[in-house]
Amino acid sequence: KQEVTQIPAALSVPEGENLVLNCSFTDSAIYNLQWFRQDPGKGLTSLLLIQSSQREQTSGRLNASLDKSSGRSTLYIAASQPGDSATYLCAATDTSGTYKYIFGTGTRLKVLA
Amino acid sequence: DGGITQSPKYLFRKEGQNVTLSCEQNLNHDAMYWYRQDPGQGLRLIYYSQIVNDFQKGDIAEGYSVSREKKESFPLTVTSAQKNPTAFYLCASSPPGPYGYTFGSGTRLTVV
Numbered sequence: 177k178q179e180v181t182q183i184p185a186a187l188s189v190p191e192g193e194n195l196v197l198n199c200s201f202t203d204s205a206i207y208n209l210q211w212f213r214q215d216p217g218k219g220l221t222s223l224l225l226i227q228s229s230q231r232e233q234t235s236g237r238l239n240a241s242l243d244k245s246s247g248r249s250t251l252y253i254a255a256s257q258p259g260d261s262a263t264y265l266c267a268a269t270d271t272s273g274t275y276k277y278i279f280g281t282g283t284r285l286k287v288l289a
Numbered sequence: 002d003g004g005i006t007q008s009p010k011y012l013f014r015k016e017g018q019n020v021t022l023s024c025e026q027n028l029n030h031d032a033m034y035w036y037r038q039d040p041g042q043g044l045r046l047i048y049y050s051q052i053v054n055d056f057q058k059g060d061i062a063e064g065y066s067v068s069r070e071k072k073e074s075f076p077l078t079v080t081s082a083q084k085n086p087t088a089f090y091l092c093a094s095s096p097p098g099p100y101g102y103t104f105g106s107g108t109r110l111t112v113v
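These protein sequence lines are chains A and B, in that order.
The end of the first sequence is residue 289 by this note's numbering, with every number in the run present.
The end of the second sequence is residue 113 by this note's numbering, with every number in the run present.
Next comes chain A alone, as it looks inside the complex (with noise of 0.2 Å):
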């Protein structure tokens, strides 16, 4: 059964830095992977959605990759901002034949201005 983890739970970087937030699956037989954010008690914004058959997508400053052979992911911010401040979710697809997502804790991203 597909797991999802994100590691680490919670991070804190000073304005301007670049940063990757990292997120690791079991079965790499995925349809594909999503990144949300989440600011506090709201829905799940979708950020990037990247098929099975592509490596990486960006949008703005983000930038997400999947190796699926390693069973990884990762979403870079450039020049974070305090704006940026959420908690981040990645999901991917379970392996079951449908489209279900499985979803990782996610990481809390502060960004201090």
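No lab work stands behind these hints: they were computed from the structure.
As the structure is a prediction and not an experimental result, all values here were calculated from the model.
Backbone N, C-alpha and C define an ideal beta-carbon position, used for all residues, glycine too.
Just to be clear, a hint being listed does not mean it is correct.
As the list claims (entries may be wrong) - With a straight-line Cα cutoff of 25 Å, these simulated DSS-like cross-link-like pairs (lysine-lysine) come out:
(1) B/Lys10 - A/Lys218
(2) A/Lys218 - B/Lys15
(3) B/Lys10 - A/Lys177
Stated by the list, open to error - Calculated from the model, a selection of chain A residues having no Cβ within reach of chain B, i.e. all distances over 10 Å:
(4) Thr221
(5) Leu225
(6) Thr234
(7) Ser246
(8) Thr250
What the hints assert, rightly or not - Footprint (simulated), chain B over chain A, 3 or more residues, beta carbon under 8 Å:
(9) 199-212
(10) 252-266
(11) 279-285
With the hints as your guide, set chain B onto chain A.
Just chain B now, kept in the frame of chain A:
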């Protein structure tokens, strides 16, 4: 604008009561999902539906029920059999195939 609407934003339940959380989408998505989120835990799947009039249990379906009579709507009922219902509930939808989820803004349920 297309999206998913969850209501109410906050809901309070007395012991022994059933309550229903609403989820409506105008994205023309076929699949809809209900997740529960507790502090320090990832999202856990309660129920999902891939087509109208059909739904399947997720990992934590006990104490919950759903219906899918319309493509746009997937209400979740938290029954009195759910012993620890206090949590943040999130609804999501997706088109056919591996094209990712769109989430609603969530409902926070508290037992009083």
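Non-conforming hints, listed in increasing numerical order: 3, 4, 5 and 10
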